[in-house]
Amino acid sequence: MSNYILDFEAPLKVIDEKIDMLRLTGTKTGENVSSNIKKLEAKLEQKKADIYSKLSRWDRVQLARHPNRPHSLDYIRMISEDFFELHGDRYFAEDPSVVCGLMTMEDKPYMVIAQQKGRTTKENLYRNFGMSRPEGYRKALRIMKLAEKFNVPILTLIDTMGAYPGLGAEERGQAEAIARNLFEMPLLEVPIINLVIGEGASGGALGIGVGDRLFCQENTWFSVISPEGCASILYRDSSRAFEAADAMKVTAADLMEMGIADKIIPEPNYGAHYDSDGAAKVVKETLIKEFQYLLNMDKEELLRQRFVKYERIGSWKE
Amino acid sequence: MVEWFRRSTDKIKTISKKDTAEGIWVKCPRCTQVIYSEELKKNQYVCSGCSHHFRITSQQYFNMLLDDPKNILEIGKNIESVDPLKFNAVSKYSDQLKAAKEKTGYNDAIRTVVGEIGGYKTAIGIMDFSFIGGSMGSVVGEKISRLVSYAISNKTPLIIVSASGGARMQEGSYSLMQMAKTSAMVAKFSKEKGLFISILTDPTTGGTTASFAMLGDIILAEPNALIGFAGARVIKQTIGQDLPEGFQRAEFLLDKGFVDSIVHRSDLKNTLIKIFKFFKYHPDHLVT
Numbered sequence: 001m002s003n004y005i006l007d008f009e010a011p012l013k014v015i016d017e018k019i020d021m022l023r024l025t026g027t028k029t030g031e032n033v034s035s036n037i038k039k040l041e042a043k044l045e046q047k048k049a050d051i052y053s054k055l056s057r058w059d060r061v062q063l064a065r066h067p068n069r070p071h072s073l074d075y076i077r078m079i080s081e082d083f084f085e086l087h088g089d090r091y092f093a094e095d096p097s098v099v100c101g102l103m104t105m106e107d108k109p110y111m112v113i114a115q116q117k118g119r120t121t122k123e124n125l126y127r128n129f130g131m132s133r134p135e136g137y138r139k140a141l142r143i144m145k146l147a148e149k150f151n152v153p154i155l156t157l158i159d160t161m162g163a164y165p166g167l168g169a170e171e172r173g174q175a176e177a178i179a180r181n182l183f184e185m186p187l188l189e190v191p192i193i194n195l196v197i198g199e200g201a202s203g204g205a206l207g208i209g210v211g212d213r214l215f216c217q218e219n220t221w222f223s224v225i226s227p228e229g230c231a232s233i234l235y236r237d238s239s240r241a242f243e244a245a246d247a248m249k250v251t252a253a254d255l256m257e258m259g260i261a262d263k264i265i266p267e268p269n270y271g272a273h274y275d276s277d278g279a280a281k282v283v284k285e286t287l288i289k290e291f292q293y294l295l296n297m298d299k300e301e302l303l304r305q306r307f308v309k310y311e312r313i314g315s316w317k318e
Numbered sequence: 319m320v321e322w323f324r325r326s327t328d329k330i331k332t333i334s335k336k337d338t339a340e341g342i343w344v345k346c347p348r349c350t351q352v353i354y355s356e357e358l359k360k361n362q363y364v365c366s367g368c369s370h371h372f373r374i375t376s377q378q379y380f381n382m383l384l385d386d387p388k389n390i391l392e393i394g395k396n397i398e399s400v401d402p403l404k405f406n407a408v409s410k411y412s413d414q415l416k417a418a419k420e421k422t423g424y425n426d427a428i429r430t431v432v433g434e435i436g437g438y439k440t441a442i443g444i445m446d447f448s449f450i451g452g453s454m455g456s457v458v459g460e461k462i463s464r465l466v467s468y469a470i471s472n473k474t475p476l477i478i479v480s481a482s483g484g485a486r487m488q489e490g491s492y493s494l495m496q497m498a499k500t501s502a503m504v505a506k507f508s509k510e511k512g513l514f515i516s517i518l519t520d521p522t523t524g525g526t527t528a529s530f531a532m533l534g535d536i537i538l539a540e541p542n543a544l545i546g547f548a549g550a551r552v553i554k555q556t557i558g559q560d561l562p563e564g565f566q567r568a569e570f571l572l573d574k575g576f577v578d579s580i581v582h583r584s585d586l587k588n589t590l591i592k593i594f595k596f597f598k599y600h601p602d603h604l605v606t
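Line by line, the protein sequences are chains P and Y.
Under my numbering, the residue at position 169 of the first sequence is numbered 169, and the numbers go up by one with no gaps.
Whatever position you read off the second sequence (first residue = 1), add 318 for my numbering.
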């Protein structure tokens, strides 16, 4: 088991510790404990299956942020044969919270635009906790235009709490940078798949999130604001985020129901935080299949369907 | 003793603060000058003392811009929110909607019409900040989408006057996706070589700024309007220092290069006509 235990996994930790103790006793006393260990392991497996079969929305939010969950660069490493990173927006700066580059997957070229979080404090400071500044969105657009020029399909990986709310970001037009991408992405004449690999909040996520397909991994969330942000506005108390997660219906399953997500990509063996290789394998298979389908489409038809997809999103009566 | 002060009769009514604006005298929130309300109306709801632009309703704005506010074709007038998430936190969204409808007399936070400005047939949407903070949910998104479709089919210019706190949290990711929806429509319109003038009024923030509002071919702003992406409180918390004077005001955005011009309300209509004329739109009278 990982050393990072979420609240809802506490019962698993208890059984796991029992198994460890038993093993220790076995080694010390020479007693045969294998049958007892087996029993406990079966119990652990059953409890795990039980817990993971009824995850709450807030549990999913926590899983989406699990430190053992693969980040963008991990996925890129796991699904590609080669990756060459491109930096800078050509106007102001490089923004390391967005990683862009040329990726080869099964000998085919793809342009990747990916939000990147860090693991250590140092990494997180460098990646700005995955919160992009205007330069990140402008770099993304530059690279997407490059992809269009050479007819390379685009994969975007979404994993952000939102765009960076800083003084400089406002001065340099955070809103304009995001808006510009929302304007340009529907027009790009290459297939675009947007994949949520962790969390996705607000315009910060949407700024690289427009395309032909929106896929969400099983343990991810995507909404207009983070549950904490919503709770601090509604209840003036961000610790009530679990209620906000329910109110806003933020999970991948919710997005399917709303007709916003096009597919949930399953995470084998209880999630990407347990089995990242397994998760990456399913991601890769799904992407290859879908890109193949989209690449076979007529350009005009691709764009027409993309427009229709966005035109019909919403819920109202008349 | 204390009982003396207790109000025993309900004949005396307390006037709440927001009701006083409807009275005969209005106090300017900026320079505190007291203005006669008829005078304020004549002055297009701009304080004669300090030029403060009052927040006004979509109807007041239509009256100001349209040649004949009655000669209009309203688009998507009956579109209403259905509370798709059955959102219930602190208060029910359905109750909020009901209260906002009663308060404003409108169905949602934008009204979209086709009308005439200086004889030029124009597709124009104006937001109402008084309707749940002018927030954008499915209804605002759909109405803008239809307005833009009209402008594309009829080759009219497009104007959107923003007054909005951003995306409507109570509709979750539906609201978020309205940013993509409205921006995609503006992109489509632009590809058809349509002219989009975005007018930013106090306040224009969040998901509204980060979508159609920042996508005008020409972006105009009212003096001193609050315009930005993140809220000032959030930014202050993030950076842990005070924000500079005039931060996120129209003049700040002009200085940073994000609006084309700051236009006083009294010049707005003429400015729009001048732009239409420059881009060779033809006066095209609306037949309703």
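Don't read these hints as lab results, they were simulated from the structure.
These numbers come from a predicted model, not from an experiment.
Mixed in with the good hints there might be a few duds.
[To be verified] Below, simulated DMTMM-like cross-link-like pairs (lysine to aspartate or glutamate); rule was C-alpha separation at most 25 Å, straight line:
no. : chain 1 : residue 1 : chain 2 : residue 2
1   : Y       : Lys404    : P       : Asp262
2   : Y       : Lys511    : P       : Glu228
3   : P       : Lys317    : Y       : Glu392
4   : Y       : Lys511    : P       : Asp298
5   : Y       : Lys410    : P       : Glu257
6   : P       : Lys317    : Y       : Asp401
7   : Y       : Lys404    : P       : Glu184
8   : Y       : Lys419    : P       : Glu257
9   : Y       : Lys509    : P       : Glu171
10  : Y       : Lys473    : P       : Glu311
11  : Y       : Lys421    : P       : Glu171
12  : Y       : Lys511    : P       : Glu243
13  : Y       : Lys554    : P       : Glu189
14  : Y       : Lys509    : P       : Glu311
15  : Y       : Lys574    : P       : Asp59
16  : Y       : Lys574    : P       : Glu228
17  : P       : Lys317    : Y       : Glu510
18  : Y       : Lys404    : P       : Glu123
19  : P       : Lys299    : Y       : Glu510
20  : Y       : Lys404    : P       : Asp298
21  : Y       : Lys410    : P       : Glu318
22  : Y       : Lys416    : P       : Glu184
23  : Y       : Lys511    : P       : Asp246
24  : Y       : Lys416    : P       : Glu300
25  : Y       : Lys404    : P       : Glu301
26  : Y       : Lys404    : P       : Glu171
27  : Y       : Lys509    : P       : Glu257
28  : Y       : Lys511    : P       : Glu189
29  : Y       : Lys404    : P       : Glu300
30  : Y       : Lys410    : P       : Asp298
31  : Y       : Lys410    : P       : Asp237
32  : Y       : Lys473    : P       : Glu81
33  : Y       : Lys511    : P       : Asp74
34  : Y       : Lys509    : P       : Asp20
[Stated by the list, open to error] Beyond 12 Å from chain Y on every Cβ pair, some chain P residues (computed):
no. : residue
35  : Asn3
36  : Ile15
37  : Lys38
38  : Leu86
39  : His87
40  : Tyr126
For glycine and all other residues, C-beta sits at the position ideal for the given N, C-alpha and C.
Unmet hints by their number, sorted upward, for this structure: 2, 7, 8, 9, 11, 12, 13, 15, 16, 17, 18, 20, 22, 23, 24, 25, 26, 27, 29, 30, 32, 33 and 34
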